[in-house]
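*Asks:* Here is what each chain is made of, one letter per residue.
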Amino acid sequence: MKNFSLKTMIILFGMTLIFASCGDKGGKKGATTGSGEFGAPRGNESFADVVKRRDLNADDVLAAAKTYTPDKISDEYIALNSGGQAGSLPTYMVPSMRLVRYPVNAARQPYNGFGYSKESMERMKTGFIDGAEILWGDTHHPGYSETNGVYNGKWAAINDKANPRVYIYSLKDWELKQTVMNPIFRNEHGGAFFTPNSEYIMEACQYPAPYDHKYHPLSEENFKKIWRGGLTYWKFDVEKGQIDMSKSFDFELPPYTQDLSDAGKKASYGWGFTNSFCSEMYYGGIESGRPPFEAGCSSRDVDYLHITNWKKAEELFKAGKIGRKVIRGMHVITIEESKKYGLLYLVPEPKSPHGVDVNPTGEYIIVAGKLDSHAWVYSFEKIKKAIEEKNFSGTDKFGIPVIKLEDALHKSVEVGLGPLHNQYDKTPGVVYTSIYVDSRITKWNYIEGKVLGFVPSHYNVGHLVAAHGDSREPHGKYLISLDKLSIDRFNPVGPLHPQNHQLIDISGDKMKVIYDMPLPLGEPHYTSLINFNFFKDIDVYPVGTNIYKYTGASTDYKSPYATTAGGEKVETKGNTVHVYATINNGKVTPGNIKVTQGQDVEIHITNLGQSKLDHYVYEVALYDQMYRWRPGETATIAFKAEKAGAYPLLLDKIHSPEGRSLVGYLTVEPNAKAENAKLLAYSKRIQWDNLMQAFKPSAIELKNLMTGELEFLNYGCNACHKFGEDFNGPDLLMVDKRRSDKWLEEWILDPDSHFKDADVQALYKRFKLKMPNQNVSKDDVKKIIEYMKAKSKKAMEG
Amino acid sequence: MIALTKRFLVAFLSLILFATGMNAQQTLDEVKKARGLNDNDILAAVKTFMPRGGRDEYFGFAGTGNSGTMIVYGIPSMRIYKYVGVFSPEPWQGYGFDDESMLMLKKGSLDDRIAKYGDMRFPAFSEAGGKYNGKYLFYSDGANSRIALLGLDDFETKQILAHPLFHSCYAGVAVDQNTDYVVQSSQYPAPWDLKSTDVKDFKSGVTFWKFEDAEHGKEGHHIGRMIKEKSFTVELPTYELGYFDTGRNGSDGYVYGIAKKDGKTFIYAINYKALAGKADGSKNSMATVSTKAASGNVAYIPVNGATKIKVTPDGKYAIVVADEAVVLDLSKVNGAVKNGNIDLASVKKSSFKVGSGVKDVAFEMRDNVAYFSAFNDKKVYKFDYASGKKLGEISLTFGPSELMVPQGLSADPHSNYLIAVDKEGIYKTRHSVGPVRPSYQHLIDISGDKMVDIYTMSLPQANVYGNVGIKRTTIKPIIRYPLGTNTRTGEISAFRTVAGQEKIERDPKTHRVHVFGTLIRSHITPEIVEVNEGDIVTFHLTNLERAEDETHGFTVDTYGKHGSFEPGKTASLTFVADRPGVFPYYCTEFCSALHLEMEGILLIKPKNYKGPTTGAEVKLTKEELAEYKKNYEDKLVVIKQTQDIINGVVEWLKKNNFSKYPYVAALVDDAFDQLKKAETAKANHEKYAKEGKWRDAFLWAEQYWQYQVKTADVGLRAKKLLAEKIGVDQ
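Chains L and Z are the protein sequences, given in the same order. Per our numbering, the very first residue in the first sequence carries number 1; after that it's consecutive. Per our numbering, the very first residue in the second sequence carries number 1; after that it's consecutive.
Some hints here could point you the wrong way.
Straight-line distance between alpha carbons at most 27 Å, and here's what the computed DSS-like set of lysine-lysine pairs gives [claimed, not checked]:
1. K261/Z to K653/L
2. K210/Z to K722/L
3. K684/L to K116/Z
4. K756/L to K737/L
5. K722/L to K278/Z
6. K737/L to K118/L
7. K587/L to K210/Z
None of these hints come from the bench; they were simulated from the model.
Chain L extracted, bound-state conformation:
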């Protein structure tokens, strides 16, 4: 209170304020109105009025002043978050905590146009594992590229747990430049972490599986013999921003369910650290009476910290001495090779750990174990000594040397229940640890083993991030607590809550929570916080750029479809109509496009605009086709002109209040063969849906349907038949008067049954379409016939 200066305020508002010094009391509902009815005009309010109305205390006012960032001043940092199951990467500014962007990942993202152009689809397809169309990712840990252990502002990388992939982004435009699939893992977690000069990106396996991707029966013996964990070191070209698989290698590891990793730096440069849980190698089977994974995977008191010597492995790999075994394209350093050349060691660590974090000098490694109340500080010097002296307590079941805990441990410090992740402060020796169960952040000195203070986080903090807090030169100043839950904290928005990211001021001795930010999309696990001065982004691209190939490092980004003003044209090659178009000053040339149903259409558009405002969405209405063109970008929307008719072509000027305007029409001349193909594809989709589950609409919709109408729709009868007019098939009005129930039933259940009949042949000649077998069930066919009768009757009456 005494440090809270009111002088200016008193002069300005002419009154004295008394704050209640009530600290961090939660549950404040933020009183809303002054006098009178809710929503009535409040009139002119002084500072004191506002403080009173909103029930703010001195801490609140200070926090507001520390985070409020009006247009005249700048934010300092940007937080790049993993999006979890959303895939895309939420990014927000610090300290204002305003979201600015979601760099794309594996899911389509219409605002960016990602997954809607041919070029972006090509980028996506490089991540289709075994050719399977996987349109989402579960991103966990972003990392920035480094030079000499300091962020160099060039690239970011992130991993995908569900679909083992690593993604590379350029910090010039924050767009996705590469997707690399891990060919031997089925699931991963401990990535993507750069080594200090971005030589490699570490990616550790999570749930083990056989490397050969083949089926093997699950048994205790097979699990130990065939199931494998692993740690892949992806060779990274820091200039080009590309991973080179041929120069990458993987450490074969026991099936210990590896978890997070970190690369050694300075003192521990050349080494990597990876922790694990379930070193019990247990698998559950609760349905067959086996205790579940959660019981068996946490039954030992300790798990193993894996220590890998990547520098030595690199030399041996380059010399052709190790890693010659290639599995599914990946060079694998076998456990035997690791043992032979001294590349892999284990040290016990607290059970079910999560974070493993190397300190800025590389001398210490802190491991946090979620089921322990201590953080364990390992000394790299001690580890090195034990390795050099071959001072091992023995080996694990795979013969990998195990260093005795006492011989590696510097300190174990009680920091709170459920320590999860660590981030380093600017002050040497100071670290922040998130405490999951106790829901707090502990600040402590890992060299002296002394706890310095706590700050309560709201709820179940997962990871945390400090400014440059995992680099060689941490900035201190800001810390963010990534709280997994947000009960009773924000306006309620249904059963799926936002996460809560709490900004903590760590510039002083005491940590102060200064902002609670709801994180509205996805479930971030890990964040990296980079200062804006550490990277340089661009506003526009050179005209004709395929942005998914643009890295700023090479010149092969020019699209073969780049079109200049005046060079617009339409070309038909085989069955494909190529339209070469431009957007020039908000005008699209050419405007109208004419094709025939069944043709493939590729509209290649070059955005000639070169200002920050020149962002356009071009779309084909009702054709589900669009893309967003950045300034200078060339991109293609490619589709089959499946349906006939006239469809507006539209241009939306994103950064203009004019909005959307009509460019012209896509006219698709009908073609009978293409119409048939369209209907058959429709029929196939219906058949697949019916395999999924019987669709049942909500009660009110159902109430408004006639008996059998739902079945009529669910089997897709409406694709071809209407009542009162011929459509793709014959008019069904009064069909019950023309055909017997028996005939109809036979016909629907098996269209081949009457196909040869002369009258059916006559219809076939007319409609040129054979009635497909929709696998209608016997019960449903009766309902459909009933519906056709009732609908006809209603139509005749109506």
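Guided by the hints, dock chain Z onto chain L, whose structure is given.
*Replies:* Just chain Z now, kept in the frame of chain L:
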């Protein structure tokens, strides 16, 4: 083991809350100086900063353009609370990835397909008596011609219907005063048959989607839906249609909108309640009213340069937005609709010059007050629309376009806040992250005599147009579902599975496999599933949690499916097991300390597989068995100690009357739920101990302890929350 646990115990007991007073950090003056803030900045800061746990006064919902995703945020903190997939699939929520949402999207389409995106610009709330009732939100899709309904009980998309006629829809929607109809119009003229390319077949129209509502039991589910069979479309000549609004009170039953043709602008007015039941045709299952049948109930008023039209809160007037704003007297307009063409002078109440590049208007609680945005002037003007007198203006650093006042499109607009959209978003001091920039909108304080711009909000992944805002407490969200709910229909799913009833059903003839499973922290039942290559596999999963926030996610690695399972929800994920091998599956939502252990394995056996089908189990040595026995006995001690801690927490909670605080009580319920689940584990470990199967005994004892930890975990949080509520240090 025991040593570790003692530390665990100490940590439990030393749980300290810090209700500290002022810290010895910077003073406000120092912060101001360091950050270059002045007194006005601090005033704006305290008006928008949300103290911890505070609630925003209003919810804002944004029209997000081609993102196809709803954004809900709080006013005045301008923090975004949630993105919800509407017209575009969204993997976080499993929207367009689980069977239930896929079917909802497909069956609402015309060709059994899920469109990949939509374009939504001007949302509308459901109303009762002209006031927002906080139950539903509607969006129109300007790209793929659909209409959407969101339930504001759980903030999920509940219905998507493809428009059976329009190739191009205006991306705005309006609702009448009792939500009888949801109005949607075409934008650019096109044929209505997905066939013709002839300009002569081009049409325009306005559709009135019939809406029916019902309460669903005591859970408060909002299960109202639009009923296609009772809806109708009024055909209009080939105008390009724009923004529209519905009448209110005296003008109820009318819709007024912008129509353009050959460079001329008109206001159209439709007396649609008179046209209900007047359909003289039907196309693609949509009743249609031809221009002939509609004549006498549709009229046009020429108004130059009109960009928008909005009906005043009392329903007496409509303001036509233009540089020279026009106030229409709606009783006169409605009286003249029968004439078809209306002379502006005969229905105009007044007009007044506003500014240059006028884009929008917004109303507030004060009588006759309207705010106009003028893009070219970079100003917002405040007018008395009854007198045409300018009441004030604010110069902005940007050209404003769309405006929104909370409750502003209802009969009950509020004062104090105005949101103005900045489409250009050029800020010298604001860093960007590459060419793709967010949308921006500003919060303008209109509570006092002078308007003040107090906050600049960025909205990424959104091309923001219109917003709507509603008083926070009008929306009454649920926090969990009745067990087994299909959230898209609001009904109990046929695949609901309760604890103990998990099973796998196989039909070898059709290669169909149904897994009926459950999710609870921290295991998925079943944990091991084996199928054959080519099987069509569905995981039907039910989240058994009752605790708020205990959402689980589910995916099978590299099979491209993802589901989000909020407490009580049942959803299904179907895929063809077309790639043999070993595929871990796991919970994707961080749900507890043992979240990472919430995993399972799907084994897919190849076709014609000839290899071994089982592998050897590892036999325990005598020594190993003895060690397990010791471990088991140690574990029993730990269990006893942990129980003491739990008892201590319970005692504290009881002493402090926890049941008076619903959030705390819910947590305590959950804690005891966890302990109840432990009973099976206890029976198992005791049974195996009797049989001398020490490994099983130990593992089940371990499982018992896991439940205790969960109990303690939740109990401690309840304690923390209660301590906060009652303001005591522990």
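*Asks:* May I ask which of the numbered hints given earlier this structure violates, with the numbers listed in increasing order?
*Replies:* When the structure is compared with the hints, numbers 6 and 7 turn out to be violated.
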